[in-house]
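*Asks:* Protein chains in written order, with our numbering: chain A, 7 to 273; chain B, 529 to 839.
Just so you know, these hints were derived from the structure itself, not from any lab. Every value quoted in this text rests on a predicted model; they were computed, and no experiment measured them. We put the CB at the ideal spot given by N, CA and C, even for glycine. Some hints here could point you the wrong way.
[Unchecked claim] Stretches of chain A that chain B covers, calculated by requiring three or more beta carbons in the stretch to come under 8 Å of a beta carbon on chain B:
1) 27-40
2) 107-114
3) 227-236
4) 240-247
[To be verified] Listed below are the simulated SDA-like cross-link pairs for lysine to any residue, each with C-alpha atoms no more than 20 Å apart in a straight line:
5) B/Lys583 with A/Phe30
6) A/Lys81 with B/Lys583
7) B/Lys834 with B/Ile820
8) A/Lys260 with B/Phe621
9) B/Lys589 with A/Glu269
10) A/Lys8 with B/Ile810
11) A/Lys11 with B/Asn564
12) A/Lys83 with B/Ala732
13) A/Lys249 with B/Pro584
14) A/Lys209 with B/Lys589
15) B/Lys589 with A/Asp248
16) A/Lys260 with B/Met585
17) A/Lys116 with A/Gln162
18) A/Lys256 with B/Phe613
19) A/Lys260 with B/Lys834
20) A/Lys83 with B/Ser597
21) A/Lys86 with B/Lys589
22) B/Lys589 with A/Gln162
23) A/Lys72 with A/Phe30
24) B/Lys741 with A/Pro204
25) A/Lys81 with B/Thr737
26) A/Lys8 with B/Asp807
27) A/Lys245 with B/Ile820
28) A/Lys256 with B/Leu561
29) A/Lys245 with B/Lys589
30) A/Lys86 with B/Thr596
[As the list claims (entries may be wrong)] Okay, the calculated bits of chain B under chain A, using three or more residues with CB under 8 Å as the criterion:
31) 554-562
32) 584-593
33) 682-690
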Amino acid sequence: MKALKGEIISNDKISENIYKMTVFSPYMVKHCIPGQFVNIKCSESTVYDPLLRRPFSIYDVEEGFKVFSILYLIKGKGTKYLKSLEPGDVIDFLGPLGNGIKVDDKSDKKYLLIGGGMGVAPLFYLAKSLILKKNNVFLAAGFKDNKFIFFEKAIQLLKINYQFFSEDGSHGAKGIVTDFLNNHIDEYRDYTIYSCGPSEMLKSLKEIFLRNNIKNKAYALFEEIMACGIGVCKGCVIKTIDKDNKYIYKTVCKDGPLFELKEVVFE
Amino acid sequence: MNNFADGRLAVNIGDIYLKNPVIMCSGTFGSGLEYNEIYETQIIGAVVTKSFSLKPMEGNKPPRLCETSSGLLNSIGLQNEGIEFFIQDQLPFVKKLKISPILSILGTSSLEFAELASKIIKIEHELIAVELNLSCPNVNKGGITLGSIPDSVEEVTSIVRKTLNIPVIVKLSPNNDNLIEIAKRAKSGGAACVSLINTLIGMAIDINTFKPKLGNVIGGLSGPAIKPVALAKIFSLYKAEVLPIIGMGGIFSWEDAIEFMLAGASAVGLGTVNFVEYDAAINIINGLIDFISKNNLNNISDITGKVKAGQ
Ligand SMILES: Cc1cc2nc3c(=O)[nH]c(=O)nc-3n(C[C@H](O)[C@H](O)[C@H](O)COP(=O)(O)OP(=O)(O)OC[C@H]3O[C@@H](n4cnc5c(N)ncnc54)[C@H](O)[C@@H]3O)c2cc1C
Ligand SMILES: Cc1cc2nc3c(=O)[nH]c(=O)nc-3n(C[C@H](O)[C@H](O)[C@H](O)COP(=O)(O)O)c2cc1C
Ligand code: FES
Chain A
7 MKALKGEIIS
17 NDKISENIYK
27 MTVFSPYMVK
37 HCIPGQFVNI
47 KCSESTVYDP
57 LLRRPFSIYD
67 VEEGFKVFSI
77 LYLIKGKGTK
87 YLKSLEPGDV
97 IDFLGPLGNG
107 IKVDDKSDKK
117 YLLIGGGMGV
127 APLFYLAKSL
137 ILKKNNVFLA
147 AGFKDNKFIF
157 FEKAIQLLKI
167 NYQFFSEDGS
177 HGAKGIVTDF
187 LNNHIDEYRD
197 YTIYSCGPSE
207 MLKSLKEIFL
217 RNNIKNKAYA
227 LFEEIMACGI
237 GVCKGCVIKT
247 IDKDNKYIYK
257 TVCKDGPLFE
267 LKEVVFE
Chain B
529 MNNFADGRLA
539 VNIGDIYLKN
549 PVIMCSGTFG
559 SGLEYNEIYE
569 TQIIGAVVTK
579 SFSLKPMEGN
589 KPPRLCETSS
599 GLLNSIGLQN
609 EGIEFFIQDQ
619 LPFVKKLKIS
629 PILSILGTSS
639 LEFAELASKI
649 IKIEHELIAV
659 ELNLSCPNVN
669 KGGITLGSIP
679 DSVEEVTSIV
689 RKTLNIPVIV
699 KLSPNNDNLI
709 EIAKRAKSGG
719 AACVSLINTL
729 IGMAIDINTF
739 KPKLGNVIGG
749 LSGPAIKPVA
759 LAKIFSLYKA
769 EVLPIIGMGG
779 IFSWEDAIEF
789 MLAGASAVGL
799 GTVNFVEYDA
809 AINIINGLID
819 FISKNNLNNI
829 SDITGKVKAG
839 Q
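Take these sequences, add in the hints, and give me the full structure.
*Replies:* Structure below.
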């Protein structure tokens, strides 16, 4: 983890309200792993509104160019500021942060990745890293509409198997990804599972795994509002339960964002 | 180059000596260990640890953070691993990294403060001072509840003072209207100085769900939004000539730090800024050195309380 400055190489609109920003950073390229994030200052250097930095997952890393990228959805003040930046501008960020997912050097394992909406952002880098080690990867993702067609194009380049769903049927099959999983769960009993998406989705995933007595490892990447991003303020906690059935608040920024689904208590 | 120990920055606050007047506020800097990955935290005048209690505390229900205009509302509720964790697990690293620690403690009664103090005896020589958190708005017992009663403030301060041989700092709240009286009682109890302000009680509501934005309903406001309130509190306490003051509340730049000293602070605390500008302390210390040079000061403390407020 380091406080860094990086030149923006590109910052393009790739779908309605969704942007991709690519940043030059040899340090990040060398040190980051999938599932980690950066905490970006989203205002001019001495302007403090918005006050807090904003966390974004690492979407992709291109080693040859020494760049990493983020995918961001325009929500409020912070992301509107990011949108206004241009190639050549410099962003101020801290990273890489969080536990992330250590991709094993041993190959030939089976992985199921499940994404919902913007939650697909960290799954691209994860899928890419897993494929590089010759693992078997299947990606299932669900969206509201057809705003994520660009993501399907990106995934196609990785040559993995995937299935997409949309609630309105405008992209992939009509339906929701958790229903698909509920119906096909037996096919994935020996897969390691990584998911990221809205908390209702993660909650139903946990229920599906419990109901079907899934014994394999199932993980999810979580989001919480953050301040420090490095584990000191204890602001970004989620409720977890340990082996002795004791509740503990864990920090998403440092203990996470990756947690085993079974340890997280949804309220 | 060791600018950070420039003799002109050294200050005495009561019987506390600091190599420079920049202090990290409790709860915003851990014990300085995490930030040491970003820069050498030994350059800081002192690091006030997160407030530790006798037993671990789990903290409040999330969400615990909410951003407001140039401000931050938090309702952490003093989640901490307990005093033994600091002593056993953190202090050895704090020593190794040459961080100057001020240990912040929180009890729910004078009895608990006494017990905390007795646990600290064996490590007191490693500490610059202890700070009594008598002002946290996010816990039901202790904190501000204890800190708003003058008798309790004196009792708690004097119990800790009698148990330990190191200076005692009392952290005060802006939420009480008897600030000066409380500070006087801290002095009677033997405090070396006071630090203020802790966060201001605040609230935010989600208009879509009608729910408060914080799990604990109310929280404490910090950051640039509270700076004018902090300055006014410090100014009023300075005029009352009770105890030296460590001033904090929305300091984000060296210019802010100078303002706090002019209002009456002998040293300044950096809190929320640590989440936003990770190396704020470096820039602020360097800014103070430049200010000293430009104004031909012998020592930064020459400006404490020197606001020309028309008396
Ligand atoms: C670990 C992590 C990874 C993330 N990765 C991505 C990503 O890859 N792409 C992406 O578009 N978004 C991602 N987010 C969410 C992103 O941080 C928020 O959308 C963003 O902060 C919104 O800022 P804003 O100022 O535009 O919106 P505002 O609504 O003005 O933000 C107000 C406050 O709420 C916080 N906030 C708002 N939405 C979220 C959220 N969903 N999660 C956490 N905090 C939130 C902001 O940080 C800020 O403190 C991630 C969040 C976390 C915690
Ligand atoms: C997230 C957070 C946690 C805090 N925890 C503590 C604490 O444990 N003990 C304490 O005395 N003050 C605590 N404070 C208050 C700060 O030490 C400081 O007094 C206050 O935030 C004002 O300074 P600032 O505006 O520079 O942040 C906390 C503040 C924040 C924002
Ligand atoms: S954001 Fe501060 S502990 Fe996670």
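*Asks:* Evaluate each hint against the coordinates.
*Replies:* So, going through the hints one by one against the coordinates:
1. Check result for the segment 27-40 of chain A against chain B: violated, 0 residues qualifying (beta carbon to beta carbon below 8 Å, three or more required).
2. Residues of the segment 107-114 of chain A with a Cβ under 8 Å from some Cβ of chain B number 0, which does not satisfy the need for three, so the listed coverage is violated.
3. Figure legend: the segment 227-236 of chain A, annotated as covered by chain B; annotation consistent (7 residues with Cβ-Cβ distances under 8 Å, at least 3 required).
4. Look at the segment 240-247 of chain A against chain B: 6 of its residues bring a Cβ nearer than 8 Å to a Cβ of that chain, three or more, so the hint holds.
5. With a C-alpha separation of about 46 Å, the suggested pairing of B/Lys583 with A/Phe30 is violated against the 20 Å cut-off.
6. A C-alpha spacing of about 40 Å is found between A/Lys81 and B/Lys583, which places the hinted pair above 20 Å, so the restraint is violated.
7. Our distance criterion of 20 Å between C-alpha atoms is met by B/Lys834 and B/Ile820, whose separation comes to about 14 Å.
8. For the proposed pair A/Lys260 and B/Phe621, the alpha carbon gap of about 19 Å is at most 20 Å, so the pair holds.
9. Of the supplied pair hints, the one linking B/Lys589 and A/Glu269 holds, its CA atoms being roughly 17 Å apart against a limit of 20 Å.
10. A threshold of 20 Å between alpha carbons decides the hint, and for A/Lys8 with B/Ile810 the separation of about 15 Å falls inside it, so the pair holds.
11. Our distance criterion of 20 Å between C-alpha atoms is met by A/Lys11 and B/Asn564, whose separation comes to about 18 Å.
12. Between A/Lys83 and B/Ala732 the alpha-carbon distance is near 17 Å, which keeps this suggested pair within the 20 Å criterion.
13. Using a Cα cut-off of 20 Å, the hinted pair A/Lys249 and B/Pro584 holds, with the two alpha carbons roughly 18 Å apart.
14. The straight-line distance between the Cα atoms of A/Lys209 and B/Lys589 is roughly 18 Å, inside the 20 Å bound, and the hint therefore holds.
15. A distance of roughly 17 Å separates the Cα atoms of B/Lys589 and A/Asp248; the hinted pair therefore holds under the 20 Å criterion.
16. For a cut-off of 20 Å, the pair hint linking A/Lys260 to B/Met585 stands: about 19 Å separates their Cα positions.
17. Taking the CA atoms of A/Lys116 and A/Gln162, the gap is about 18 Å. The hint holds against a cut of 20 Å.
18. Distance check on the hinted pair: A/Lys256 and B/Phe613 sit about 17 Å apart at the alpha-carbon level, within 20 Å; holds.
19. Among the hinted pairs, A/Lys260 with B/Lys834 is inconsistent with the structure: their alpha-carbon atoms are about 43 Å apart, more than 20 Å.
20. This hinted pair checks out: A/Lys83 and B/Ser597 have alpha carbons roughly 11 Å apart, not beyond 20 Å.
21. The straight-line distance between the Cα atoms of A/Lys86 and B/Lys589 is roughly 30 Å, outside the 20 Å bound, and the hint therefore fails.
22. A C-alpha spacing of about 42 Å is found between B/Lys589 and A/Gln162, which places the hinted pair above 20 Å, so the restraint is violated.
23. Annotation: proposed proximity of A/Lys72 to A/Phe30 holds, straight-line Cα distance about 6 Å (limit 20 Å).
24. Restraint check: the Cα-Cα separation between B/Lys741 and A/Pro204 comes to about 18 Å, which is no more than 20 Å; the hinted pair holds.
25. As the CA atoms of A/Lys81 and B/Thr737 are separated by approximately 18 Å, the hinted pair is consistent with the 20 Å bound.
26. Proposed proximity of A/Lys8 and B/Asp807 is supported: the alpha carbons are some 11 Å apart, at most 20 Å.
27. Using a Cα cut-off of 20 Å, the hinted pair A/Lys245 and B/Ile820 is violated, with the two alpha carbons roughly 49 Å apart.
28. About 18 Å separates the Cα atoms of A/Lys256 and B/Leu561, which keeps this hinted pair within 20 Å; it holds.
29. Only pairs whose Cα atoms come within 20 Å are accepted, and A/Lys245 paired with B/Lys589 is accepted, the gap being roughly 8 Å.
30. Between A/Lys86 and B/Thr596, the direct Cα distance comes to roughly 17 Å. Compliance with the 20 Å bound is thereby established for this hinted pair.
31. Coverage of the segment 554-562 of chain B by chain A holds. Counting CB-CB distances below 8 Å, 5 residues qualify, and the rule asks for three or more.
32. A stretch counts as covered by a chain when three or more of its residues have a beta carbon under 8 Å from one of that chain; for the segment 584-593 of chain B and chain A the count is 6, and the coverage holds.
33. Given a C-beta distance limit of less than 8 Å, the hint that chain A covers the segment 682-690 of chain B is violated, as 0 residues qualify and 3 are needed.
Of the hints listed earlier, those the structure fails to meet are numbers 1, 2, 5, 6, 19, 21, 22, 27 and 33, in rising order.
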